[in-house]
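K.L.:
We have chain A already, so just place chains B and C on it with the hints.
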Amino acid sequence: MIKGTVLINSETCKGCELCIVACPQDSLSLSQKINLRGYRYVELSQDNCTGCTNCAIVCPDAVITVYRQSKQNYKKAV
Amino acid sequence: MPEEMLIDEMQCVYQKPGTLTDEYMHYCPGCGHAVAHKILMEVVEEMGLQEDIIGVAPVGCSVFAYNYMNIDMQEAAHGRASAVATGIKRVRPDKFVFSYQGDGDLAAIGTAETIHTINRGENILIVFINNGIYGMTGGQMAPTSLFGQKTSTSPYGRDVAHNGYPLKITELIAHLPGAYYVTRQAVHTPNTVRKFKKALNNAFEYQKLNKGTCFIEVVSNCPSGWKMTPKETLTYIEEKMLPEYPLGDIKVPTQNKN
Amino acid sequence: METNKSEIRLMKGNEALAEAAIRAGLDAYFGYPITPQSEVLEYLTLEIPKRRGIVLQAESEVASINMIYGAAGAGARVMTSSSSPGMSLMQEGISYIAAAELPCLLVNVVRGGPGLGTIQPSQGDYFQATKGGGHGDYRLIVLAPSSVQEMCDFVFDGFKLAEKYRNPTLILSDGALGQMMEKVEFPGDGSLPHQIPAWATTGKKGRERNFITSLHMEPERMEEINLHLQRKYKEIEENEVRYETFEIDDAEIVLVAFGLPARICQKTVELARAKGIKAGLVRPITLFPFPKKIISDLSKKIDRFLVVELNAGQMVEDVMLAANGNCPVHFKGRMGGMLIQPEEVLEEIEKIVEESLTLNAGQE
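Residue numbers (the working numbering), protein chains in the order written: chain A, 1 to 78; chain B, 1 to 258; chain C, 1 to 364.
Derived by calculation from the structure, the hints in this document are not laboratory data.
All values derive from a computational prediction rather than experimental measurement.
Certain hints may be false.
[As the list claims (entries may be wrong)] Listed next, the in silico BS3-like pairs over lysine-lysine satisfying Cα-Cα at most 27 Å (straight line): (1) B/Lys16 / A/Lys3; (2) B/Lys150 / B/Lys240; (3) B/Lys197 / C/Lys300; (4) C/Lys50 / B/Lys211; (5) B/Lys208 / C/Lys205; (6) B/Lys240 / A/Lys33; (7) B/Lys168 / A/Lys71; (8) B/Lys16 / C/Lys205; (9) B/Lys198 / A/Lys71; (10) C/Lys12 / B/Lys211; (11) B/Lys197 / C/Lys204; (12) B/Lys95 / C/Lys275; (13) A/Lys3 / B/Lys150; (14) C/Lys275 / C/Lys300; (15) C/Lys204 / B/Lys198; (16) A/Lys71 / B/Lys197; (17) A/Lys71 / B/Lys16; (18) C/Lys204 / B/Lys95; (19) C/Lys12 / C/Lys50; (20) B/Lys231 / A/Lys33; (21) B/Lys198 / B/Lys227; (22) B/Lys16 / C/Lys301; (23) C/Lys275 / B/Lys208; (24) C/Lys205 / B/Lys211.
Here chain A stands alone, though its shape is the one from the complex (with noise of 0.2 Å):
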């Protein structure tokens, strides 16, 4: 499977959970800490991301970056 991965900026995450709903992996949970405003926000909990970018597609706040393994290298490890 295509591997991906997220960054998420923790400070402007709103904690929604919109992103959560929309992971097809359930990738994603909720952070128990807070952040400076106040919100826990979402953070990457299982190493099964795909790179789908539905998360960061839903994400209003747009705090997602998604990345994904080219295909030339997911060609090379498989």
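P.N.:
Just chains B and C, lined up with the frame of chain A:
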């Protein structure tokens, strides 16, 4: 952190568009406005419109849109966004112009401007955010509030005998010859967001043709106004909003006689 | 049509104003028909397609003033016109325009009110014009023409002032002035060049984004904006006062009138002088800024003022403020679309003089 190593080997496939400013959005957690802003700005970036577009955001939660959209913008009085957009487009016809209006603005106080702007076939895009409530003033009944919907001014639920019917203004304006492209979209799931993005792409392409007004309704949410968690609003949209406001194209250019 | 050179024509006030607007380089006009100023829209819809600019009949005055807001914000030279009830509808938009500091030219061809009123001339909108009109602390620059020639000239002055101060300018005319015909000399095209200002929303090519707004949620910022506006209005008061005087050097009673009644009062001054009454006239041309100083100066040397207006007494309050109790300020007005006759004003003068003589005799 193995993540960092991985990122080096990966390519970035999604990031915040450069057409959004770094300003922290004032919208409540999970608000559809913010998603719509982001997607709109993605399209502006991808189509290379940033330097040739002027937006209009009237009174309502999105009146602060100019803080977030890194493009030229004008704030407008409540209900008058499409008149303001008309004024801009008439004197700057070579620029892309859009208005971004809520349901109270577009379908209540601004109904006359909405209808006449579209009836003149102004070559602008109207983005209409329908969340069935007045968000900015604290959750009052909107023209698009659903049957039985409880709001701060319909505390016993919207009663048709007293308050009239949810106004399907999108279907109404689709009848106008000046409307070139009319569609109803949503932003609550990855799929609907992708379709909304496509609709925005279409609308800006059509604006180049000077054939009339493009109108995109976005069925959206208002977690604070609906008194729900953002997650709960997703179910409400699916179960309550979409049956009343079904998604899809209402008028596409092939249906236009010209 | 050849309009490169100046030209003398016989025209209605409304049409002269419209012709002047085209020659002043009007980019766009948005308006809605209302008597007694519909000729402006009619003239422009006839002429602009043959010449240059945009003219659009809006669905309401509310829409037209907001189209003005949009087009002015996009850096165009714009104008709208209406008459009293229509101006009332525009007030919210005008407040936004003043707050966002957008230059534009507004024209009110005033009719009798209140309510639907009448289509006959009136000056009943003086308060609305000079005290802001809509919500919040703001002022328009107000020019009051008293001839068809000035209906033309003040269009040029109006655009100049609006653009100089980034403030809406209002021409406060009336139904009679709009409808009457007089000789008018127009300048040729191109005498008032216009550049798109740097702050306009024209697409952010090669610069930071521009935005037009009147929304400031932080009270500190909102007060700062207000103070800035007030400083601007002060500057306008210092630099832009205009008025005319007639026979005031030895005057004992000075009439104060603006617009068409000022012409009527000029005749009254002649009639009074023929009877040996030393009358004079001050005609404020700018109603905001109001010519306070000449009124104040005169109040210290004359016996009394008589303010003549086509309303129940509006400018008289500004005359009283400027006179500051130095001398009595009398008022004579007609309302509801009635014009005033020179003889009527003369009778009032004679009555006032008579009363003061009786009063003085009583005191002795």
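K.L.:
All hints are to be evaluated individually against the structure, with a verdict given for each.
P.N.:
Results of checking the hints against the structure:
1. B/Lys16 / A/Lys3: With a Cα-Cα distance of about 21 Å, the restraint between B/Lys16 and A/Lys3 holds, given a limit of 27 Å.
2. B/Lys150 / B/Lys240: The given pair, whose Cα atoms are some 13 Å apart, holds under the 27 Å limit.
3. B/Lys197 / C/Lys300: Violated, at roughly 72 Å.
4. C/Lys50 / B/Lys211: 24 Å, holds
5. B/Lys208 / C/Lys205: At roughly 18 Å apart (the allowed maximum being 27 Å), C/Lys205 and B/Lys208 satisfy the hint.
6. B/Lys240 / A/Lys33: Violated. B/Lys240 to A/Lys33 sits at ~34 Å, over the 27 Å cutoff.
7. B/Lys168 / A/Lys71: 46 Å, violated
8. B/Lys16 / C/Lys205: 21 Å, holds
9. B/Lys198 / A/Lys71: Given pair B/Lys198, A/Lys71 holds - Cα atoms ~25 Å apart, limit 27 Å.
10. C/Lys12 / B/Lys211: 39 Å, violated
11. B/Lys197 / C/Lys204: Given that 27 Å is the threshold and the Cα spacing comes to 23 Å, the pair holds.
12. B/Lys95 / C/Lys275: 67 Å, violated
13. A/Lys3 / B/Lys150: Violated, at roughly 45 Å.
14. C/Lys275 / C/Lys300: OK: C/Lys275 and C/Lys300 at ~25 Å, within 27 Å.
15. C/Lys204 / B/Lys198: Given pair C/Lys204, B/Lys198 holds - Cα atoms ~24 Å apart, limit 27 Å.
16. A/Lys71 / B/Lys197: 25 Å, holds
17. A/Lys71 / B/Lys16: With a Cα-Cα distance of about 23 Å, the restraint between A/Lys71 and B/Lys16 holds, given a limit of 27 Å.
18. C/Lys204 / B/Lys95: 11 Å, holds
19. C/Lys12 / C/Lys50: Roughly 20 Å separates the two Cα atoms, so the pair holds.
20. B/Lys231 / A/Lys33: 20 Å, holds
21. B/Lys198 / B/Lys227: 31 Å, violated
22. B/Lys16 / C/Lys301: 72 Å, violated
23. C/Lys275 / B/Lys208: Since the Cα atoms of C/Lys275 and B/Lys208 sit roughly 74 Å apart, the hinted pair is violated (cutoff 27 Å).
24. C/Lys205 / B/Lys211: Given pair C/Lys205, B/Lys211 holds - Cα atoms ~25 Å apart, limit 27 Å.
This entry does not satisfy hints 3, 6, 7, 10, 12, 13, 21, 22, 23, going by the numbered hints stated previously.
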